[in-house]
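Asks: Between the sequences and the hints, there should be enough to build the whole structure, so can you do that?
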Amino acid sequence: MSASPWYSSTADAAGVPPEVAERAVQWLLELQAPDAAPATVAAWRAWRAEDPRHELAWQRIESVNGRLTHLADPHNAAIARAALAPSRSHARQANGSASRRHALKAVLLLAGAGGVAWGAREYVPWRAWTADYRTAVGERRTLVLADGSELILNTDSAVDVRFDDAQRLVRLLAGEILVRTANAWSSTPPFVVETAQGTALALGPRYAVRLEDGETDVSVLTGAVRIQPARSAARARVVSAGHRVRYSASAVIGDVPVDDTSVAWSDGYIVARSMRLADFIGELARYSMDALSCDPDIADLRVSGSFPVADIGRVLDTLSMTLGVRIRTVTRFWGARSVRLVAGPGASGVVAPAAASSGTLPS
Amino acid sequence: MNSPAICLPTTVATLYSDHHSWLKGWLQRRLGNAEQAADLAHDTFIRLLSSERVPVTLKEPRAFLTTVAQHLVSNHWRREKLEKAYLDVLAQVPEEYAHSPEERAILLETLVELDRLLDGLPAIVRHAFLLSQLDGRTHAEVAAALDISIPTVKRYILKALQRCYFADLSVA
Numbered sequence: 344m345s346a347s348p349w350y351s352s353t354a355d356a357a358g359v360p361p362e363v364a365e366r367a368v369q370w371l372l373e374l375q376a377p378d379a380a381p382a383t384v385a386a387w388r389a390w391r392a393e394d395p396r397h398e399l400a401w402q403r404i405e406s407v408n409g410r411l412t413h414l415a416d417p418h419n420a421a422i423a424r425a426a427l428a429p430s431r432s433h434a435r436q437a438n439g440s441a442s443r444r445h446a447l448k449a450v451l452l453l454a455g456a457g458g459v460a461w462g463a464r465e466y467v468p469w470r471a472w473t474a475d476y477r478t479a480v481g482e483r484r485t486l487v488l489a490d491g492s493e494l495i496l497n498t499d500s501a502v503d504v505r506f507d508d509a510q511r512l513v514r515l516l517a518g519e520i521l522v523r524t525a526n527a528w529s530s531t532p533p534f535v536v537e538t539a540q541g542t543a544l545a546l547g548p549r550y551a552v553r554l555e556d557g558e559t560d561v562s563v564l565t566g567a568v569r570i571q572p573a574r575s576a577a578r579a580r581v582v583s584a585g586h587r588v589r590y591s592a593s594a595v596i597g598d599v600p601v602d603d604t605s606v607a608w609s610d611g612y613i614v615a616r617s618m619r620l621a622d623f624i625g626e627l628a629r630y631s632m633d634a635l636s637c638d639p640d641i642a643d644l645r646v647s648g649s650f651p652v653a654d655i656g657r658v659l660d661t662l663s664m665t666l667g668v669r670i671r672t673v674t675r676f677w678g679a680r681s682v683r684l685v686a687g688p689g690a691s692g693v694v695a696p697a698a699a700s701s702g703t704l705p706s
Numbered sequence: 023m024n025s026p027a028i029c030l031p032t033t034v035a036t037l038y039s040d041h042h043s044w045l046k047g048w049l050q051r052r053l054g055n056a057e058q059a060a061d062l063a064h065d066t067f068i069r070l071l072s073s074e075r076v077p078v079t080l081k082e083p084r085a086f087l088t089t090v091a092q093h094l095v096s097n098h099w100r101r102e103k104l105e106k107a108y109l110d111v112l113a114q115v116p117e118e119y120a121h122s123p124e125e126r127a128i129l130l131e132t133l134v135e136l137d138r139l140l141d142g143l144p145a146i147v148r149h150a151f152l153l154s155q156l157d158g159r160t161h162a163e164v165a166a167a168l169d170i171s172i173p174t175v176k177r178y179i180l181k182a183l184q185r186c187y188f189a190d191l192s193v194a
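Protein sequence lines correspond, in order, to chains A and B.
Take the position in the first sequence, starting the count at 1, then add 343; the result is the number in my numbering.
Take the position in the second sequence, starting the count at 1, then add 22; the result is the number in my numbering.
Note that these hints are calculated values from the structure, not bench results.
Check before you lean on any hint, since a few could be wrong.
[Unchecked claim] Counterexamples of contact, computed for chain A against chain B with all Cβ distances above 12 Å:
id	residue
1	R388
2	S575
3	S631
[As the list claims (entries may be wrong)] Computed footprint of chain B on chain A; a stretch qualifies when at least three of its residues, placed anywhere within it, have a C-beta under 8 Å from a C-beta of chain B:
id	region
4	368-375
5	508-519
[Said to hold, decoys possible] Restraint ranges, calculated between C-beta atoms of paired labels, are given here:
id	chain 1	residue 1	chain 2	residue 2	range
6	A	A354	B	T36	28 to 34 Å
7	A	E362	B	A145	24 to 30 Å
8	B	R84	A	E362	37 to 43 Å
9	A	A539	B	L71	50 to 56 Å
For clarity, every value in this text was computed on a predicted model and none was experimentally measured.
Ideal Cβ positions, reconstructed from N, Cα and C, are used throughout, including at glycine.
Replies: Structure follows, in structure tokens:
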């Protein structure tokens, strides 16, 4: 078997020992697994750093993946699959054209589903390098990217991932993500989260980005992040760990302290520290299919504790008991439900719910 | 068993002047098309010029030329076959997913290379690979579809991946 034009940028990987090449490919497969554990990613990083030949082998994999990016488009992948199916080696085995028809069905199905069917898949290896991901309301999802970086998508969120030689770009289209970038190698392209309002460039490994009301909200947890509003180059700002800022396309506004509790959602919790009930309900509503609201006269009650977002009914019951408010549920005839908290017989002060003691805070 | 014949040093130029017409005829018999034969004969010599694979002495220059040309012919056939399959698929894809000529060329190029790299793998290995990497099916789904075990699926996928990424290392 001769070399491939795909290898042109890492021609010297031909000097990689066969067992190293085999291991590299095994890593690739392990990292593709939908449930790849953080420990696996850490072990893979360590392997890369262990020996220059390991890194060389991995670079070969990345450079070939660079040649495969158009297969990232699900339509192209399906078309490729259909075209490759009836090859010579296949013709004998089964029925080539039947298998092509089958693959074609996938293309057409896809056309009808608008890509949703593919988005729902976690296991999209070659496409994964540039695939789009989204979560449903109430869903949370962890993605391990091509470079080992990790993205956790919060409820009702969507991202595009575009990696190339120049940058590792994650485009946040909706919702909220927590980023944990892989070891920044000097040769690794910069990691950037882009929104309509501008970019947040990782200068440290951990930060969260959230889209809300036409603004982008960045919480820097470790290291620092460089914010660049889209329409104002001069307004770029480096934000260090422990700060949370918001920005529009023209300016960075606001700066409040932040810590890990603001991303407790990544473990499935909302952590409230004497939060206004109205704000808390607004936050909780992001995870609920039902419309949630509260009456203005109880909006300023204070809520503290950690609440599991996977069980909204239980959270509401807790609020009802501890705050002494009532839950009024209205089901519309078309099936939509709305839940409103209203003043109860003996509305009281701060709630410290039972859920708080059982909740685990993120490390 | 050495032949007593004296072998003169061979250059691409002498090969060309001595055997170009013959090669064109040989190719035309295989391809049944004069124009394609001329193209591939041309490509054969281009390839020789750009590689250092011409032995200094050639006892069987025509056998050598046909080996190189045969490789180009099978590439040509593979490409033609794929292109046809590709166009067949495209013909059935809704308008809005039609590709520009550039996109077509790039995708076809990728397909040809992928097909070439996977060539020679057992059909079932290739099948497992395509189901997993292009269809995005899980190992369990591939195992069920091909009626093999999950460890076997993994082994097959690894084998094909090895081909794609490190074909030049000729790992088994």
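Asks: So the hint says 50 to 56 Å: do the beta-carbon atoms of A/A539 and B/L71 match that?
Replies: Holds, since A/A539 and B/L71 (Cβ atoms, about 53 Å apart) stay within the stated range.
Asks: Could you tell me whether the CB distance from B/R84 to A/E362 stays inside 37 to 43 Å?
Replies: Given about 41 Å between the Cβ atoms, the range holds.
Asks: Test the statement that A/S575 is away from the interface with chain B: the closest C-beta pair must be farther apart than 12 Å.
Replies: A/S575 is indeed farther than 12 Å from all Cβ atoms of chain B, at 35 Å.
Asks: Kindly confirm whether 24 to 30 Å is satisfied by the beta carbon distance between A/E362 and B/A145.
Replies: 27 Å Cβ-Cβ, so the 24 to 30 Å window holds.
Asks: Verify this for me: three or more residues of the region 508-519 of chain A with a beta carbon less than 8 Å from a beta carbon of chain B.
Replies: Since three or more residues must qualify, the claim that chain B covers the region 508-519 of chain A is violated, with 0 doing so at under 8 Å.
Asks: Over 12 Å from every CB of chain B: does A/S631 meet that, or does the non-interface label fail?
Replies: holds, 30 Å
Asks: According to a criterion of three or more residues whose C-beta lies within less than 8 Å of a C-beta of chain B, is the region 368-375 of chain A covered?
Replies: Contact hint for the region 368-375 of chain A vs chain B: holds, 4 residues under 8 Å.
Asks: Take a look at whether the Cβ-Cβ distance between A/A354 and B/T36 falls inside 28 to 34 Å.
Replies: holds, 31 Å
Asks: Confirm or reject: A/R388 is not an interface residue toward chain B, with every Cβ-Cβ distance exceeding 12 Å.
Replies: holds, 19 Å
Consistency with the previously given hints fails for number 5 only.
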